[in-house]
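Using the hints, put the two chains back together into the complex; each one sits in its own frame.
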Amino acid sequence: MSEHYDLLIVGAGPAGMAAALAAAPSGARIALLDDNPVPGGQIWRDGPGAHLPPLARRLRDGLERHAIPVWSGTRVVAAAGPQALLLEDPTRGWRVRYDRLILCTGARERLLPFPGWTLPGVTGAGGLQALIKGGLPVAGERLVIAGSGPLLLASAATARAAGAHLLRIAEQAPLAALARFTAGLPRWPGKALQAARLFDHRYRAGSHVLEALGDDRLEGVRLWQDGSTVELACERLACGFGLVPNTQLAEALECALRDDAVAVDDWQATSRPHHYAAGECTGFGGSELALVEGAIAGHAAVGEQTQARRLFPRRQRWQRFADALARDFALDPRLKTLARPDTLVCRCEDVPYAALAGRDGWTDAKLVSRCGMGACQGRICGGAARVLFGWTPPAPRPPLSPARIETLLCLEDEA
Amino acid sequence: MIDVHLDGRPLRVAPGTTVAAALCLGGDGSSRTSVGGQRRAPFCGMGVCQECRVEIDGQRRLACQTLCQPGMRVETRP
Ligand SMILES: Cc1cc2nc3c(=O)[nH]c(=O)nc-3n(C[C@H](O)[C@H](O)[C@H](O)COP(=O)(O)OP(=O)(O)OC[C@H]3O[C@@H](n4cnc5c(N)ncnc54)[C@H](O)[C@@H]3O)c2cc1C
Ligand code: FES
Numbered sequence: 001m002s003e004h005y006d007l008l009i010v011g012a013g014p015a016g017m018a019a020a021l022a023a024a025p026s027g028a029r030i031a032l033l034d035d036n037p038v039p040g041g042q043i044w045r046d047g048p049g050a051h052l053p054p055l056a057r058r059l060r061d062g063l064e065r066h067a068i069p070v071w072s073g074t075r076v077v078a079a080a081g082p083q084a085l086l087l088e089d090p091t092r093g094w095r096v097r098y099d100r101l102i103l104c105t106g107a108r109e110r111l112l113p114f115p116g117w118t119l120p121g122v123t124g125a126g127g128l129q130a131l132i133k134g135g136l137p138v139a140g141e142r143l144v145i146a147g148s149g150p151l152l153l154a155s156a157a158t159a160r161a162a163g164a165h166l167l168r169i170a171e172q173a174p175l176a177a178l179a180r181f182t183a184g185l186p187r188w189p190g191k192a193l194q195a196a197r198l199f200d201h202r203y204r205a206g207s208h209v210l211e212a213l214g215d216d217r218l219e220g221v222r223l224w225q226d227g228s229t230v231e232l233a234c235e236r237l238a239c240g241f242g243l244v245p246n247t248q249l250a251e252a253l254e255c256a257l258r259d260d261a262v263a264v265d266d267w268q269a270t271s272r273p274h275h276y277a278a279g280e281c282t283g284f285g286g287s288e289l290a291l292v293e294g295a296i297a298g299h300a301a302v303g304e305q306t307q308a309r310r311l312f313p314r315r316q317r318w319q320r321f322a323d324a325l326a327r328d329f330a331l332d333p334r335l336k337t338l339a340r341p342d343t344l345v346c347r348c349e350d351v352p353y354a355a356l357a358g359r360d361g362w363t364d365a366k367l368v369s370r371c372g373m374g375a376c377q378g379r380i381c382g383g384a385a386r387v388l389f390g391w392t393p394p395a396p397r398p399p400l401s402p403a404r405i406e407t408l409l410c411l412e413d414e415a
Numbered sequence: 001m002i003d004v005h006l007d008g009r010p011l012r013v014a015p016g017t018t019v020a021a022a023l024c025l026g027g028d029g030s031s032r033t034s035v036g037g038q039r040r041a042p043f044c045g046m047g048v049c050q051e052c053r054v055e056i057d058g059q060r061r062l063a064c065q066t067l068c069q070p071g072m073r074v075e076t077r078p
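Chain order of the listed sequences is A and B. Residue 167 in full-length UniProt numbering sits at position 167 of the first sequence, and the numbers go up by one each step. Residue 63 in full-length UniProt numbering sits at position 63 of the second sequence, and the numbers go up by one each step.
These are computed hints drawn from the structure, not numbers from a lab. Check before you lean on any hint, since a few could be wrong.
To be verified - For each label pair, taking beta carbons as the anchor points, the in silico distance ranges come out as:
1. B:Ser34 to A:Asp265: 37 to 45 Å
2. B:Asp3 to A:Arg310: 46 to 54 Å
3. A:Asp266 to B:Arg9: 50 to 58 Å
4. A:His165 to B:Gln69: 27 to 35 Å
5. A:Arg187 to B:Gly58: 50 to 58 Å
6. A:Arg404 to B:Ser34: 19 to 27 Å
7. B:Pro78 to A:Thr337: 32 to 40 Å
8. B:Asp7 to A:Asp259: 42 to 50 Å
9. A:Asp265 to B:Pro78: 43 to 51 Å
10. A:Arg309 to B:Arg60: 42 to 50 Å
11. B:Gly58 to A:Leu409: 17 to 25 Å
For every residue, glycine included, the Cβ atom is placed at its ideal position computed from N, Cα and C.
Extracted from the complex, chain B is given alone in its bound form (with noise of 0.2 Å):
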């Protein structure tokens, strides 16, 4: 298992698993807020859309092409 942590909170998950899993798997699955002050999700699931765009270490990375790995940090409200 891998363990991450989502907006400060400790998360533990399957290896193989997606940020944008995660998001739902610790959290409401929301990643960002709209510049209209709506939160969303990831939609398209397939790197297009750019809807699922959160903080990880610091850099904005896409959560549905992205990876959990030991230790990341990742944020949605940065």
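Here chain A stands alone, though its shape is the one from the complex (with noise of 0.2 Å):
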């Protein structure tokens, strides 16, 4: 048997909870359904090494107010049938039936291949802030923070609070970008608070990690700085290098893209009927955008129009400070080039940027290589490859991610 739902929304950070508490009062029948553990999302992920701030909570507590169900440590396994997705946790699969749909499903890092990137010690840079949170222990260890954004600070903040002896921030945007970008922060004085807040003397712009050092783990990285090379011992590296849109499950939906990110109206609906979007799976934009466009698109999906068009100054404002990030912290060409012949571009298979330079594209590396084709399904090695020879990544096909044989059953019982 499967349920049934009036609305569905896949993603429990702040854009599906600011969706869910939008559309409860309509009284739809809701449910929220996220991979992670607890409800929250990228930014307000729970853990022994987490401090939730207030906002959270409410959210959460509107959350058990409305008695809305959260499908936690749930994940979307495939498409099963026009308006019915085929999920798993880890004690069921099964089929539920919607009739309408928001897709929240938030970004990930933007992660790219340098010499030493799959040495343990080297992690994403919001990877390590949220595996701090869940309790990694980094007290007194040695780290340097490496890539681009403010997700970069943001990390640092978490890890100096859990102990951490933070030694470098190597931003790789242009000083005269950064100064612009901060420049244009009193028009968003919450955000010029927070900046203010996370700055840092070990910050340098126009700095980018070149290789990170060790043979069984990570005992160094080398960074280019102020114009010259350095060396810093260290235990742990965290890089990110901005954001990518989540967007598989759009795809897989037959939603239309738009410059990566799932295309949305203003409505927040998608080129599908009954199917809507809203977060950073359309564009990176920080959490207070994902909470206005959360909310506008739980007000549209349950035909509340005036309320969502009242929110549409909000999302505009926020809008305009998306729009600067994009601009001030586009990547440098050269990071396309830190990668050497032997540096492993597929971590799940192993496949070196030999194999794939000068291949014609994903098609093409694919019929030479594994590359793309093991667990991670090529989200990692897919985004690098947009970045480092311009390949758009393969549409993605079920199981969207690795499925129990019990759970895909589900889906010929229902045929």
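Structure (structure tokens):
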């Protein structure tokens, strides 16, 4: 038997929670699902090493008050019919039908290959922050953070609060771009405060990682800094190069993309009727934009156009902030040249750069190597190949994440 | 506190600790061996890269998206 909901929301980050709470008073039957163990998304990730702000608690309490089911630890395996999804959690696989769907699948970090990036001790920048919130011990460890975007600062703040010894934050964007970005911040007062708190004297603009050093695990890092090369001994290197929208599920549901993000109209509606999208899967913009987009989608999905429209000005304001972010933290083309011929690009199948360079695109690369065919299904190497070679990542194929046979059999049952 | 087993050794962790964190608290932090024979550790921290996959009570799971539960048996070298 499959369950039915008026409104199903995928992703319980700021966008998904705001969507659910906006739609709840309408009386619609709503369910929210997320693959993480607790709701909150990337920014409000709970755990022994996390400190949740009051807003996050309010949203979570709101979900409880409205008795909206939140299926945590649940992933989408496949589309299972015209308006149905196949889901799996650690104990069961099941099929859910819906009238309306809102995709709030957020974004993931852009992770680029460089020599040594597979060594234990090297993580994403937001990745390290997430791991620390989950209880990863970093007290007393020497840490270098490198890459691009405000997330580096957020990650640094979490790591330092957890007792890490922060040596350097290497931001690839040039000083001039950063100056322009910070000069624009007073237009978003809350953000200005956040930035002031986050800024750190170990921060260097126009600086990037060259190589992670070590044999079996990370022992140090070589950086490009102030026009020359420096080496720092460290136990941890956290590298993230901005964010990439999670569009796999939207693509599997045949929603159109624009600029590598889910394309939406003013109502946050996608190209496919009854399917909406909000938050960072529609483009990088931070939690404030995600919240207001989520609320608009929630209202629109239950037919409350007037309430949705009232939120348009707020969305526009945060969209300008997002545009400034995208402009001022644009990636330096030099980052395409970090990988050496033997540097692995596909971490799942251990495919080196040399096996991919000179190929015509994904299909050609796959013919000669197993690139993108491993467990992550091209999510890491696909994002990298997009930057390195300009290749468009392959359209995802079901199952969207590795699934148990019992779960896949549900598809047969319903067919 | 929660008692788990990591590669056969007992380990006590705080409630809410992910298995990814436990790998570091009770071992060298690594989670799997790559097809080329390198040890790997959790990398993206958010359920994307699959580097953190381990065997938990006989099932392949992502360490970064799994919370430690009493009695759990985690294997990084199945
Ligand atoms: C690693 C990381 C750390 C970040 N840290 C900060 C920070 O400290 N401060 C800050 O201002 N911003 C941070 N950001 C930016 C952050 O993404 C936004 O501020 C905000 O969280 C976006 O909200 P969202 O609801 O759009 O998406 P998210 O918060 O990303 O929520 C999306 C949720 O959907 C889940 N999901 C995705 N696909 C599926 C699927 N197929 N099935 C089930 N569940 C799915 C995800 O696991 C996630 O929980 C971070 C981003 C990343 C990637
Ligand atoms: S660390 Fe990447 S999936 Fe768990």
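Hints versus structure:
1. B:Ser34 to A:Asp265: 37 to 45 Å: holds (44 Å)
2. B:Asp3 to A:Arg310: 46 to 54 Å: Once the Cβ atoms are compared, 52 Å apart, the range 46 to 54 Å for Arg310 of chain A and Asp3 of chain B holds.
3. A:Asp266 to B:Arg9: 50 to 58 Å: Cβ of Asp266 of chain A to Cβ of Arg9 of chain B: about 57 Å, so the range 50 to 58 Å holds.
4. A:His165 to B:Gln69: 27 to 35 Å: At 32 Å between Cβs, range holds.
5. A:Arg187 to B:Gly58: 50 to 58 Å: holds (55 Å)
6. A:Arg404 to B:Ser34: 19 to 27 Å: Because 23 Å falls inside the window, the suggested range holds.
7. B:Pro78 to A:Thr337: 32 to 40 Å: Holds - the Cβ-Cβ distance for Pro78 of chain B and Thr337 of chain A, about 38 Å, lies within 32 to 40 Å.
8. B:Asp7 to A:Asp259: 42 to 50 Å: holds (45 Å)
9. A:Asp265 to B:Pro78: 43 to 51 Å: holds (48 Å)
10. A:Arg309 to B:Arg60: 42 to 50 Å: Roughly 47 Å apart at Cβ, these two residues keep to the hinted range, so it holds.
11. B:Gly58 to A:Leu409: 17 to 25 Å: Distance hint for Gly58 of chain B, Leu409 of chain A holds at roughly 19 Å.
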